[in-house]
Amino acid sequence: MPAGMLALLVNLEDVPIMPKVSSQPETSDLAVPATAPTRIERFKARLPQVQGILRQQSTLIALFVVVLFSFIRYDNFDTITIYSMLNFNAQFGLIALGMTFVIMTGGIDLSVGGIAALASVVAALASPHGFFYALIAAIIAGTLVGIVNGFIVGWMRIPPFIATLATLYIVRGVALKLINNAASIDLDQKSDFTTIAGTTLGNGIFNPPIPLTIPLLVIAFLIGIFVLRYTRFGRYVLAIGGNPEAAKLMGLPVKRTLFWVYTLSGALSGLVGVLLAINLNGGSATEGNGWELIAIAATVVGGTLLTGGVGSVFGTLVGTILLGTIVEILQLENNYTLDHGGGLYLNSFWQDVIRGVFLLIVVLLQSRFQQKRARKVT
Amino acid sequence: MQENDILLQMEHITKRFSGSVALSDASIHVARGEVHALIGENGAGKSTLIKVLTGVYRYDEGTIFFDGQTRAFQSPQQAQREGISTIYQEINLVPFRSVTENIFLGREIFRWGLLNWRKMHIEARALLERLHISLDVTKPLNTYNIATQQMVAIARAISFKSKLVIMDEPTSSLNEDEVATLFGVIRQLKEEGVATIFVSHRLDELYAICDGITILRDGSTVDERPINTITRLELVAKMLGKDLGSVQKSGLTSFDASRHRASEEVLLDVTGLRAGRKLQNASLSVHVGEIVGLAGLLGSGRSEVARAIFGADSLDAGTVAVNGKEVHFRRPEDGILASIGFCSEDRKIDGIIPDLSVRENLTLAALPTLTRYGIVDRKQQEEIVDHFIQRLGIKTAGPEQKIRELSGGNQQKVLLARWLCLNPRLLLLDEPTRGIDVGAKSEIQKLVEELAEGGMGVLLISSELEEIIEGSDQVVVLRDGITVAKLPREGLTQDAILTAMAHGEAHSDAGENV
Amino acid sequence: GGGGSSSNNTGSSSNPSCTPGSNTKLVKISKAHKIAWSQNALDGAWRFAEEASIEQQAQQHGYQLLKANANNSDVQQVQDIETLINDRPDVLLVDPHTEDAEAKAILDARKACIPVIVVDRDVNESLATPGRDFATFIGSDFNKQGQLAADALIESLGGPSTKATIVELSGTTGSSPAILRGGGFDGELASKAPGIKIVAEQTANFARATGQQVMSTLIQQYPNIKGVFAHNDEMAIGAITALKASGKHPGSDIKVVSIDGTKDAVNLVLSGEEYAVVQSNPRLGPLVFQTLDQYLKGQDLPAWVVQQDKVFKKADGSAAAYLPDAF
Amino acid sequence: MIRLEQRLTAFKTRNLRNIGQDYGALIALVVLILFNLIFTRQFNSVIAITDLLVHVTPTLILGVGMTLVIATGGIDISVGSIMGLTGILTYLIFSGKLFGIQNIVLGTAVAIPIALAVAALIGAFNGLLVTRFKVQPIVATLIALIIVRGVAEVTVNGFQFAFLSAPIVSWLSGNVLGFLPKQVILMSVIVAIFAWLMHATSFSRYLLAAGGNQSAARLAGVPVNRILIIVYTLSGLLAGVAGLAFIAFDSAANPVSDGLGRELDAIAAVAVGGTPLTGGRATIMGTVVGAIFIQLIRQTVVALNVPDNIASVIIGVLIVLAVFLQRQRQA
Ligand SMILES: Nc1ncnc2c1ncn2[C@@H]1O[C@H](COP(=O)(O)OP(=O)(O)OP(=O)(O)O)[C@@H](O)[C@H]1O
Ligand SMILES: Nc1ncnc2c1ncn2[C@@H]1O[C@H](COP(=O)(O)OP(=O)(O)OP(=O)(O)O)[C@@H](O)[C@H]1O
Ligand SMILES: [Mg+2]
Ligand SMILES: [Mg+2]
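Chains as they are written, first to last, in the working numbering: chain A, 1 to 378; chain B, 1 to 514; chain C, 1 to 327; chain D, 1 to 331.
These are computed hints drawn from the structure, not numbers from a lab.
On a predicted model such as this, the values are computed, not experimentally measured, just so you know.
Hints may be right or wrong, so weigh each one.
With a straight-line Cα cutoff of 20 Å, these simulated SDA-like cross-link-like pairs (lysine to any residue) come out [stated by the list, open to error]:
1) C:Lys-248 <-> D:Ile-47
2) D:Lys-97 <-> C:Phe-327
3) C:Lys-244 <-> D:Ser-95
4) A:Lys-248 <-> B:Lys-379
5) C:Lys-111 <-> A:Thr-81
6) C:Lys-263 <-> D:Ile-47
7) A:Lys-248 <-> B:Phe-73
8) A:Lys-248 <-> B:Ser-314
9) C:Lys-244 <-> D:Met-285
10) C:Lys-192 <-> C:Pro-223
11) B:Lys-348 <-> D:Asn-305
12) D:Lys-134 <-> B:Ile-109
13) A:Lys-177 <-> D:Pro-307
14) B:Lys-348 <-> D:Ser-215
15) C:Lys-244 <-> D:Lys-97
16) B:Lys-379 <-> D:Gly-174
17) C:Lys-263 <-> D:Val-176
18) A:Lys-248 <-> B:Asn-116
19) C:Lys-111 <-> A:Lys-255
20) C:Lys-34 <-> A:Lys-255
21) A:Lys-255 <-> B:Ser-159
22) C:Lys-197 <-> D:Phe-161
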């Protein structure tokens with residue numbers, strides 16, 4: 001992405017301001033008669049935002065570093081690899097997008113992986129009618145589950161963690177039932193599903209051409225960013241996460257907003273189900289275990305607080321890609337070791353450890369930003 | 001008032017909670033453009049009545065008649081839509097969001113279907129100008145102090161084009177100037193024909209701004225009439241349910257500093273305190289048995305002084321000495337161990353543990369003294385709790401009621417008791433009587449006095465000057481985190497303090513400047 | 001980097017018969033050096049034995065082995081295979097998680113001129129055909145294993161004519177071994193001994209603890225069952241513990257048969273508590289690399305190189321004989 | 001006089017509230033038991049009941065620790081992984097693979113304390129992240145979840161180890177008085193201790209205060225950070241105990257699958273039991289009821305031979321309903 005574009009995105013962001021700020025009261029110039037703030041004052045006032053943007057970009061910078069490193073070190077860190085990596089992580093990205101909104105309301109959605117699996121099954125079942133039927137069917141399926149989540153959380157006032165854990169069980173059961181206990185089901189090979197799925201962008205211009213999932217991912221996040229910044233819904237989401245009780249007393253439609261947030265998450269998971277069906281060339285009822293954790297990790301790395309009220313959609317995109325790249329690197333490194341020797345060969349178990357340690361480092365770095373601001377105990 | 005211009009009419013409202021009956025046969029009538037006072041002691045049911053009206057609570061019996069038809073609002077949202085905008089007792093805004101957002105949440109301004117931030121910022125500024133406040137509206141609300149937050153809440157409330165504005169103790173955290181501004185605004189509203197329900201425990205305010213008054217006692221309306229037809233004494237008598245004779249001259253406090261004598265022994269000595277942006281150079285000392293008043297404008301850093309002494313904030317510079325020897329508290333535990341108590345200013349954020357019972361909240365700080373081998377001595381605990389419920393007349397269904405279910409003022413009493421039951425040598429009180437009714441107030445003031453007689457040192461932060469003047473043996477004045485004056489009680493006057501607060505030098509020749 | 005291109009060369013030079021991107025006939029190569037191995041999961045004794053056997057054999061034949069583990073996720077395995085293809089190995093070994101999901105990835109490998117050998121679990125051959133899209137499938141016949149188990153259980157219960165009720169502990173719902181073994185068993189039972197009825201079939205996820213848990217409930221519900229068939233040894237071991245806990249005497253009043261051939265299970269057979277264990281040999285390494293050699297020599301391979309599995313009982317001493325190399 | 005009235009109302013409200021706390025879960029459990037008595041052969045023998053308790057043991061032990069953590073407003077999703085690690089660690093030590101202790105009894109005697117210590121350390125580390133570094137609990141413990149599981153796998157390169165005849169197995173899976181499994185006793189003791197702890201000690205008050213309003217608790221002199229670290233340490237320790245109970249019961253240690261996903265069961269048990277996930281309140285007994293409830297559902301669907309897929313739908317629905325009942329009581 002061009003730097004300008006980036007800056008734009010970043011500035012459009014709802015820059016997270018760590019809650020610690022709260023205990024750093026400004027001297028209110030109440031006594032002073034109203035005067036417009038001077039330029040310096042304005043700059044001072046903007047400082048937290050500036051810092052926020054820097055923090056944003058610190059994740060970005062991390063990403064650039066990692067990517068640069070890979071380019072230099074690995075021969076086959078080429079467009080093909082990058083595309084396939086992005087294509088793969090697009091699934092997590094879209095789920096994390098929904099999760100980000102959920103988390104900004106102070107909630108969580110454990111059912112995303114299950115929904116994606118269910119949707120992939122639905123897509124496969126609907127594939128004989130053609131790609132677009134399958135697409136719609138899958139998204140509807142996901143949305144329906146999201147609606148159930150939204151209802152249980154919003155109206156039955158059941159904690160999101162439990163509500164979505166329960167629907168996770170339910171969804172898995174339903175998915176298996178739909179294809180009576182076969183793990184997976186084929187796409188109808190005669191339908192246009194596979195052909196459309198295989199479609200790529202800019203054939204001839206780019207080589208290799210860009211898989212559709214990548215623009216899809218970018219567009220989805222652009223929409224997400226604008227929704228958060230420029231729609232009433234986005235503001236409600238943040239307000240509810242920031243102080244549910246106040247939101248209610250301010251007359252915000254808390255239940256309805258929660259409802260829509262989970263519905264959105266469900267819908268996106270449904271969409272991911274289609275990507276899943278494309279990648280598996282069929283539906284799988286058992287797929288998507290632990291995806292919610294991947295999504296949460298990406299969201300956190302992106303700088304969204306799980307306590308709600310503060311969040312960054314763009315950060316989530318960066319977080320997703322960063323984590324994805326790390327995983328990719330571990331595999332590339334193994335190959336490097338075989339080809340050149342002198343590298344670091346890690347089996348899959350070590351790779352888990354490294355992933356965890358990396359996450360730890362990122363989180364610790366983030367906490368340092370907060371520490372700087374935290375003076376008071378309260 | 002004639003029937004035609006009646007705006008709100010609540011009749012025979014009853015509201016029961018699991019623990020208690022909050023309202024029984026309460027009623028109130030408000031005419032269009034009227035400023036109506038709602039008063040009653042802590043726990044009388046004022047806030048509940050308001051929440052019943054705005055649909056936060058369902059009521060059990062009664063009828064509500066608003067703007068020409070009987071209504072039962074299902075949610076605050078609906079009430080707002082129908083033209084009732086409310087400032088609830090505790091500040092209820094979203095801390096992490098910008099001032100602008102907090103003002104416009106729920107009725108944002110759009111351009112081409114997208115939020116129009118520029119316009120909203122401009123209008124937000126304009127609204128606050130109206131309240132004589134200029135601040136950066138793009139910053140998160142919680143970067144400003146309570147008073148400012150309160151003003152933002154007010155700005156939000158008045159910016160709705162509503163028929164009725166309800167203000168539940170809006171002034172409890174404001175000082176004179178801001179109250180004056182607020183009254184200005186209320187009068188404007190009045191001219192626009194907007195009615196106001198105004199809740200406050202400060203009688204002068206009621207007489208200054210209100211037309212009619214409704215007096216609640218134990219959940220029922222005991223009197224309702226034009227305010228100019230009732231004297232303060234009657235009012236207080238009605239409110240407390242006592243006969244005129246037994247009610248002493250209200251408004252002024254029941255402090256009588258001459259009663260107790262500060263000894264020469266220095267208990268606390270603070271010099272050159274610096275912490276963060278807010279404390280620049282604060283110094284003060286408290287003698288055994290002395291009440292030291294700490295005065296200053298909002299944001300002058302009074303709370304910070306207290307917090308710093310207590311060990312809640314880390315010091316950048318300066319020394320704190322207790323009984324002559326220097327101490328370095330790093331956390332509140334240290335302060336408590338040195339038998340210092342700190343009753344914080346912000347009840348909701350720094351005070352109550354909402355889900356714990358009155359008993360547990362009251363004895364939280366005292367637990368170490370109530371436990372042997374980590375096991376709590378329940379009997380002793382309950383004795384203490386009963387004692388203080390009695391002593392401060394805390395209105396509660398019982399020691400096991402959750403504190404979140406208590407009225408604001410009663411919560412405040414529990415928090416006071418939390419520290420009193422430690423009987424500390426030094427007590428730091430940050431706005432101790434905020435939101436407390438006149439009856440309870442004098443109770444508490446008497447108590448503080450007694451404790452001082454018993455040799456306890458008290459640092460009293462208050463925005464009410466009478467309290468400071470009548471209560472303290474010495475007044476320390478802060479300005480922008482700097483001690484600008486130390487005024488002895490002899491020849492202590494309102495304007496001595498006021499000038500010191502505003503300009504930083506006390507023109508009373510008695511006062512020694514620093 | 002030079003290394004990259006070098007491995008690249010080994011790739012292209014070794015199979016002039018194939019131009020990348022074309023999807024003509026099966027890729028032919030003559031020599032191999034770097035082998036990629038896509039494992040679908042490493043979560044139990046069986047898989048570890050398989051993994052070890054592949055590693056050890058690869059080493060013995062002097063190949064470089066590039067490994068990936070998909071942790072029971074199809075989409076992860078597809079991604080693994082894509083990544084491995086990009087690492088340009090000379091041969092790709094795949095132990096697919098399910099029948100269908102990995103087929104497409106295997107075709108991609110073929111397009112990239114990398115010959116594929118499918119190991120342990122087959123792919124849906126209507127999507128990818130052996131001898132054309134991939135060299136061959138090497139592995140056991142799960143269906144057969146089910147049949148063998150059925151035969152053993154029928155025998156233990158006293159022949160085809162007996163009337164009895166049994167329960168079936170099935171593997172992870174939807175996994176191909178669970179489906180095929182179940183199918184084979186049920187079919188065989190129905191045809192050979194209609195008198196034996198399966199009163200309950202419950203999944204225990206191939207796990208010992210779950211097997212224990214499920215069995216201890218089932219035995220209360222169906223106190224007078226005569227036999228238990230578990231899709232793998234782990235579940236059988238759990239079941240036997242549960243049966244003993246509930247006062248039964250597995251071996252005498254209840255007969256247990258399971259599939260795999262782990263040490264624990266074979267020991268139980270020897271102690272008489274389990275009647276028979278049908279082998280499902282995880283040590284596919286030797287067969288795989290021997291087949292690979294034939295392939296490199298240009299010999300044409302059968303569509304399915306079947307791993308022959310035995311049945312181990314106490315009576316005929318087969319169990320005792322097998323114990324030393326049980327895994 | 002007024003005094004007396006106060007006491008009376010106080011008494012009433014107290015009981016109302018306490019009942020309110022467990023009511024929902026209890027009803028649900030009773031209903032489920034009745035259902036079983038009618039439609040299944042559950043509970044047709046002492047064995048059947050002890051069997052239920054044996055199977056609930058790991059989840060319940062985790063649940064106890066989880067209750068404390070959740071009461072502080074946090075959550076600990078690393079417990080499953082900790083179970084896995086302690087299991088494999090214990091095995092490595094008593095089998096002599098780690099310290100070369102050949103005598104298996106001695107080895108076990110050494111293994112158990114070490115394994116538990118490690119578990120507690122991991123918990124303490126979680127606590128440190130949460131307090132010192134202000135990492136949100138779910139993130140902190142997510143990291144632990146990943147790393148600890150990874151380490152468990154790495155230490156033995158993933159291999160599973162079976163030991164049908166190890167002292168730990170016979171010790172823990174044996175019976176007392178012929179019918180009371182030792183595990184159940186262990187579990188009961190733990191539950192009793194913590195129920196008492198939450199009832200009588202100042203620690204529990206501090207814990208709830210920290211969960212209810214942290215900044216207020218700090219200003220009231222509650223050593224919030226210390227409390228939190230202790231709580232996470234306890235959670236880790238209990239996870240270790242659960243891990244031991246599990247391998248004893250399983251007579252095998254599998255670094256990949258042992259304890260996988262158990263944290264979810266534990267959390268569900270806590271929620272069903274009536275401890276709000278927002279912190280500030282806790283009921284150990286509720287968690288007991290919740291854990292048994294969930295385990296009993298599992299066994300019921302098996303007893304009725306309900307197919308896997310339907311079963312998980314049923315479980316999901318019942319959990320929601322149970323928690324919903326709970327909520328009604330509280331409101
Ligand atoms: N949610 C609740 N549950 C139970 N009792 C409640 C609840 N809310 C209020 N009460 C009780 O209702 C009574 C009236 O409370 P309310 O807050 O209306 O008093 P108030 O007049 O506003 O007092 P203050 O001046 O201190 O604000 C009090 O006794 C309080 O304990
Ligand atoms: N949520 C909050 N955000 C910001 N400030 C808060 C909050 N709650 C309480 N405060 C307090 O509001 C006060 C702002 O005024 P400050 O204390 O600086 O001067 P002050 O003279 O103490 O004012 P006050 O009369 O309120 O005590 C600070 O003490 C700050 O701690
Ligand atoms: Mg009130
Ligand atoms: Mg203050």
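Evaluation of the provided hints:
Restraint check: the Cα-Cα separation between Lys-248 (chain C) and Ile-47 (chain D) comes to about 12 Å, which is no more than 20 Å; the hinted pair holds. At most 20 Å may separate the alpha-carbon atoms for a hinted pair to count; Lys-97 (chain D) and Phe-327 (chain C) meet this at roughly 18 Å. A threshold of 20 Å between alpha carbons decides the hint, and for Lys-244 (chain C) with Ser-95 (chain D) the separation of about 26 Å lies outside it, so the pair is violated. The hinted pair formed by Lys-248 (chain A) and Lys-379 (chain B) fails the criterion: a straight-line CA distance of about 40 Å is larger than 20 Å.
With a C-alpha separation of about 16 Å, the suggested pair Lys-111 (chain C) and Thr-81 (chain A) falls inside the 20 Å cut-off, and the hint holds. Restraint check for Lys-263 (chain C) and Ile-47 (chain D): the C-alpha separation of about 29 Å exceeds 20 Å, so the hint is violated. For the hint linking Lys-248 (chain A) to Phe-73 (chain B), the alpha-carbon distance of about 14 Å falls within 20 Å, and the restraint holds. The hinted pair formed by Lys-248 (chain A) and Ser-314 (chain B) fails the criterion: a straight-line CA distance of about 36 Å is larger than 20 Å.
Proposed proximity of Lys-244 (chain C) and Met-285 (chain D) is contradicted: the alpha carbons are some 32 Å apart, above 20 Å. At roughly 25 Å between alpha-carbon atoms, Lys-192 (chain C) and Pro-223 (chain C) are farther apart than 20 Å, so this suggested pair is violated. The straight-line distance between the Cα atoms of Lys-348 (chain B) and Asn-305 (chain D) is roughly 54 Å, outside the 20 Å bound, and the hint therefore fails. A hinted pair counts as satisfied when its Cα atoms are at most 20 Å apart, and Lys-134 (chain D) with Ile-109 (chain B) does not qualify at roughly 37 Å.
For the given pair, Lys-177 (chain A) sits about 9 Å from Pro-307 (chain D) by alpha-carbon distance, which is consistent with the 20 Å threshold. For the proposed pair Lys-348 (chain B) and Ser-215 (chain D), the alpha carbon gap of about 10 Å is at most 20 Å, so the pair holds. In summary, the hint linking Lys-244 (chain C) to Lys-97 (chain D) is not supported, as the alpha carbons are separated by about 31 Å, beyond the 20 Å threshold. Among the hinted pairs, Lys-379 (chain B) with Gly-174 (chain D) is inconsistent with the structure: their alpha-carbon atoms are about 43 Å apart, more than 20 Å.
Proximity of Lys-263 (chain C) to Val-176 (chain D) is assessed by CA-CA distance (about 31 Å); at most 20 Å being required, the pair is judged violated. Among the hinted pairs, Lys-248 (chain A) with Asn-116 (chain B) is inconsistent with the structure: their alpha-carbon atoms are about 24 Å apart, more than 20 Å. Taken as a hint, the Lys-111 (chain C) and Lys-255 (chain A) pair is broken in the structure, with Cα atoms around 52 Å apart against an allowance of 20 Å. Our distance criterion of 20 Å between C-alpha atoms is broken by Lys-34 (chain C) and Lys-255 (chain A), whose separation comes to about 58 Å.
Taken as a hint, the Lys-255 (chain A) and Ser-159 (chain B) pair is broken in the structure, with Cα atoms around 25 Å apart against an allowance of 20 Å. Simply put, Lys-197 (chain C) and Phe-161 (chain D) have alpha-carbon atoms about 35 Å apart, too far for the 20 Å limit, and the pair is violated.
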